[in-house]
Amino acid sequence: MGNLLGVIELAGIPESASVAREFVRQKLGAGHPALDDVTLLVSEAVTNSVVHSDSRNGGKVRLAIADCHDLIHVDVVDAGGDTVPHVRGDLYAEGGRGLMLVETLSHRWDVYEDAGGRTLWFQVRYTRPLK
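The sequence shown begins at 1 in the UniProt record's numbering and counts up by one.
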C-alpha cells in the first residue's frame, strides 16, 4: 500500500507534458530524492500518449502518482491505439528513446490494455533521507 499523491486529467496535446512535469514537482516537492527521475519519466510517458495514442488531438490522458514508502508508482492512462508502446534500441534515432529511459531509470514498468484504454505504469525506487 501507499499514499495516493494525486490524479490529474490532461488534454491530449503536446503542451500537457509541461503540465505533467509541474504536477509531479508539486506532489513530490523540491527535496524528494526521486523527483528528477520521476519528472523525466512522466514527461516521456505523457509525451508518448499525446503523440502516439488515440488520446492525441484533444483526447484525455490521466496521470496518477503514489508514494509507496520506498518507491514512487506512476500510471499514465490514455485511449490506446493501433500500436503497443515498445522500447526501440536505436540510440541515434531522432526519437523513440522515451521508453528506453523508462526501462533504464525505473525499478519496474509495464503496459497493459483493457476496455478503458491503455496504461503505462512505472515505479522509481528511492531511499528516504535519515531524520
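It is worth saying that the hints were derived from the structure and are not from the lab. By construction, the Cβ of each residue, glycine as well, lies at the ideal position given by its N, Cα and C atoms. Be aware that a few hints might be false.
Said to hold, decoys possible - Derived CB-CB ranges, DEER-like:
hint, residue 1, residue 2, range
1, Arg125, Asp54, 29 to 35 Å
2, Leu101, Arg25, 14 to 20 Å
3, Arg108, Val51, 20 to 26 Å
Tested hints:
1. Arg125 / Asp54: 29 to 35 Å: For Asp54 against Arg125, whose Cβ atoms are near 32 Å apart, the range 29 to 35 Å holds.
2. Leu101 / Arg25: 14 to 20 Å: holds, 18 Å
3. Arg108 / Val51: 20 to 26 Å: holds, 24 Å
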